Amino acid sequence: MLQTALLMLLVGVFAGTMGAILGIGGGMIVTPIVTLAMGLDIKYAIGASIIAVIATSSGSTIAFLKDDVLNLRVAMFLEIATTIGAIVGALLTGAFDPFILYILFGALLVFSSWNMYRKLHRGEEGLQKVTADKWAKKFKLNSSYYDKNLQKQIDYQVENVPQGFLIMLGAGLASGMLGIGSGAFKVMAMDGAMKMPLKPSSATSNLMMGVTAAASATVYFFNGSIRPDLAVPLALGILGGSALGSRIMQHLPSRIIRIIFIPILLYLGLQMILKGFGVAI
Amino acid sequence: MKETRKEMLEVEIIIGKIMRIGVLISALIMLLGFIMFLVTGHSGYPGDSFPTALLAIYHGILAFKPYALMMGGVYLLILTPILRVVISIYAFYKENDFLYVKITSLVLLILIISVIVGHK
Numbered sequence: 001m002l003q004t005a006l007l008m009l010l011v012g013v014f015a016g017t018m019g020a021i022l023g024i025g026g027g028m029i030v031t032p033i034v035t036l037a038m039g040l041d042i043k044y045a046i047g048a049s050i051i052a053v054i055a056t057s058s059g060s061t062i063a064f065l066k067d068d069v070l071n072l073r074v075a076m077f078l079e080i081a082t083t084i085g086a087i088v089g090a091l092l093t094g095a096f097d098p099f100i101l102y103i104l105f106g107a108l109l110v111f112s113s114w115n116m117y118r119k120l121h122r123g124e125e126g127l128q129k130v131t132a133d134k135w136a137k138k139f140k141l142n143s144s145y146y147d148k149n150l151q152k153q154i155d156y157q158v159e160n161v162p163q164g165f166l167i168m169l170g171a172g173l174a175s176g177m178l179g180i181g182s183g184a185f186k187v188m189a190m191d192g193a194m195k196m197p198l199k200p201s202s203a204t205s206n207l208m209m210g211v212t213a214a215a216s217a218t219v220y221f222f223n224g225s226i227r228p229d230l231a232v233p234l235a236l237g238i239l240g241g242s243a244l245g246s247r248i249m250q251h252l253p254s255r256i257i258r259i260i261f262i263p264i265l266l267y268l269g270l271q272m273i274l275k276g277f278g279v280a281i
Numbered sequence: 001m002k003e004t005r006k007e008m009l010e011v012e013i014i015i016g017k018i019m020r021i022g023v024l025i026s027a028l029i030m031l032l033g034f035i036m037f038l039v040t041g042h043s044g045y046p047g048d049s050f051p052t053a054l055l056a057i058y059h060g061i062l063a064f065k066p067y068a069l070m071m072g073g074v075y076l077l078i079l080t081p082i083l084r085v086v087i088s089i090y091a092f093y094k095e096n097d098f099l100y101v102k103i104t105s106l107v108l109l110i111l112i113i114s115v116i117v118g119h120k
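Protein chains in written order, with this note's numbering: chain V, 1 to 281; chain F, 1 to 120.
Note that these hints are calculated values from the structure, not bench results. Here the structure is a predicted model, which is why all the values come from computation and not from measurement. Worth double-checking, as some hints may not be accurate.
Simulated crosslink set (EDC-like; lysine to aspartate or glutamate; CA at most 20 Å straight-line) [said to hold, decoys possible]:
no.	chain 1	residue 1	chain 2	residue 2
1	V	LYS148	V	ASP67
2	F	LYS102	F	GLU10
3	V	LYS140	F	GLU7
4	F	LYS17	V	ASP67
Quick look at which bits of chain F chain V covers, simulated, 3 or more residues with Cβ under 8 Å [claimed, not checked]:
no.	region
5	9–16
6	21–31
7	40–52
8	65–71
9	75–81
10	99–105
11	109–115
Cβ atoms here follow ideal geometry from the backbone N, Cα and C, with glycine treated the same way.
This is chain V alone, in the form it adopts within the complex:
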C-alpha cells in the first residue's frame, strides 16, 4: 500500500514535470508504468492516466496563464473539435480488445517520436515566415508570447486552421479511446500544421488536454476505472511536478525540449507494442 503510494507519487512528480514541459499529457508516461511495471489491467491505467492528464493540464495552466505563454483563443477554437472527438472515443473504448489498444497506443508513440526527430533535423526552431490564413484572422488566432529563454516578445501568425481542426478531431478521439491527452497530436496540429512556435503550442496543448480529458474522465470516474489509491498520489505528485515543469519549460531552448522527447517516446511506444504481442519487458 505504502509502496504503491510512493511509486505513484514519484511517477507523478516526474510525469507532471515532463508533461508540463512538453505539452503532452502525463498519461503517456503513466499508462506504461501502471500496465508494465505494476501489471494492472489497462482499464485502471487508462483511468489513472486520464487523471494524470487533467492534473498536468490544470497544474501547468496556472503558470502558463500568469506568464501569458499560451493562446487561449486557439485553445477554445480547437476544443470544439477535441471535445466532440473525446465523447465518440470514450463510447468506443469497450468495443476494442486490449491488444488493439496496445498496438494503437504504441504506434502513436512511435509516430510522435519520428515526428519530433524530423522537426529537430530540419532545424526549424527559429521563426518562420508564416502568412495567417483567413480563418486565423476571422477567429483572431494570431498572438504573441514572451520567451524567457530568448528574453523577448515574439509575435506569431497562424495558418492551416482547417487542417489543425481536423487533426484535433483525431486527437480527441484518441484521448477518449486510450485515456491519453494525445498532446503529441495537439502539438503536431499547432506546431506542425498551424505553424505556431513550439512553446505556445506546448502550453496551449497543456491547457486543452485538460478539457479533452475531462470530457471522457466522467465516463471513467463513474464506471470505476479510476482507483483512488492510484489516482490520488499520482495527482498530488503531478500537481507539484507540473508547477515546476511549467516554470522550467519557459527557460529552456525549444530545441532541447525536442531532444529530450525523441528517445522517451520511441522507447515507450515500442514497449507498448511488444506488450500487445504478449512480450513483457
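With chain V fixed as given, assemble chain F onto it according to the hints.
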C-alpha cells in the same frame, strides 16, 4: 491587435486566479484523504472497493472515510478544466468578445453532453 492583446491578458488573469483556487481546494481534499488513508491504513470501505457514485461519495465524506475524500478530491480535479471553460465565457463576455462567448459556450455545451453520456 493591441486591444486584443490587452483583452487577452485580462481574460487570462481572471481565469488563472480561479483555476488556482479550484486546483488548491481539490488538492487539499485529496491530501487530507490520502494522509488519513496512510495513517489509519483503512480506506473506510470493504476490501478493494471504493465509491464511484456522487451520493455515496458525499455520504462517505460526511463520515470522513479516506476513500470518499480521495474520490471527492479527484472529482473536483476533473471539474477544474470544466470550471475553466465556464469562467472563460464570463471573461470573454466581460471583454465584449461575443464571438468567443459563442465558441466557448459551444465547448461547454459539448462538455455537458459528454458528462450526461458518462452517467449512462
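Practice task
Sort out which numbered hints this structure fails and list those numbers smallest first.
Solution key: As far as the earlier hints go, not one is violated by this structure.
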